[in-house]
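The hints should help you fit chain B onto chain A, whose structure is shown.
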Amino acid sequence: TQLLEQSPQFLSIQEGENLTVYCNSSSVFSSLQWYRQEPGEGPVLLVTVVTGGEVKKLKRLTFQFGDARKDSSLHITAAQPGDTGLYLCADPANFGNEKLTFGTGTRLTIIP
Amino acid sequence: DVKVTQSSRYLVKRTGEKVFLECVQDMDHENMFWYRQDPGLGLRLIYFSYDVKMKEKGDIPEGYSVSREKKERFSLILESASTNQTSMYLCASKVPGGGNSPLHFGNGTRLTVT
Chain A
93 TQLLEQSPQF LSIQEGENLT VYCNSSSVFS SLQWYRQEPG EGPVLLVTVV
143 TGGEVKKLKR LTFQFGDARK DSSLHITAAQ PGDTGLYLCA DPANFGNEKL
193 TFGTGTRLTI IP
Chain B
210 DVKVTQSSRY LVKRTGEKVF LECVQDMDHE NMFWYRQDPG LGLRLIYFSY
260 DVKMKEKGDI PEGYSVSREK KERFSLILES ASTNQTSMYL CASKVPGGGN
310 SPLHFGNGTR LTVT
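Note that the protein sequences, when read in sequence, are chains A and B.
This note's numbering puts the first sequence at residues 93 to 204.
This note's numbering puts the second sequence at residues 210 to 323.
These are computed hints drawn from the structure, not numbers from a lab.
Glycine residues also receive a C-beta, built at the ideal position from the N, C-alpha and C atoms.
Treat the hints with care, since some could be wrong.
Unchecked claim - Across the chosen pairs, the derived CB separations fall in these ranges: (1) A:S119 <-> B:K227: 38 to 44 Å; (2) B:D260 <-> A:G108: 34 to 40 Å; (3) A:R152 <-> B:V261: 41 to 47 Å.
As the list claims (entries may be wrong) - Computed far set for chain A versus chain B, every beta-carbon distance over 10 Å: (4) L96; (5) S104; (6) T112; (7) S118; (8) S119; (9) Q125; (10) L150; (11) R152; (12) D159; (13) K162; (14) Q172; (15) T176; (16) G177; (17) T201; (18) I203.
Stated by the list, open to error - Mimicking DSS-like on lysine-lysine, the simulated pairs with C-alpha atoms at most 27 Å apart in a straight line are: (19) A:K151 <-> B:K227; (20) A:K149 <-> B:K279; (21) A:K151 <-> A:K162.
In isolation and in its complexed conformation, chain A is listed as follows (with noise of 0.2 Å):
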């Protein structure tokens, strides 16, 4: 079974700082989602990542995809306290697998 290690598990930074926090895998990675869940709501889709090395942005959040596929990292710049939440990453199984297997998370706080 594929092992998804998030890191750091908990976080509380500053309003405006930056931040980044890290999804490792146990083995390659088919393609990788990003998710963020908010207090008293299910989790939502950031984005997808496919390709090693691929680099998304949305907004203020930069997301990597590791060359080898076994690594991906969300880099937040200048926190704002609408980003407090839960920020999951997610590995879709092999094609016509349905299965999803979600790292622990990383539960991040800002503060205002």
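The following block gives chain B in isolation, referenced to the frame of chain A:
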């Protein structure tokens, strides 16, 4: 927008009770999923279904069953609730055909078994 609706936000049940958690999606998705979410353990797949009356076990099916009589509705059943089933339960749906399409989640049901 896709809407996945879970019938209860909070439930409190007693040990040994039969518990039904209901989930309805409005986007005609073939695939539906039940996860439980626990601190430090992330989301763990209980069961999923890729069509009406079809079901597959996920990572932690023990103590649970499911029902999919209609395409839009996927029910999770705890036959005899136990305290170790106290958790947040999340339902999700997606289109079939590979893993890159997103999961659409409901807002969860927080179940407490006393």
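Problem - Structure versus earlier hints - violations, ascending order - result: Violated: hints 2, 4, 9, 19, 20.
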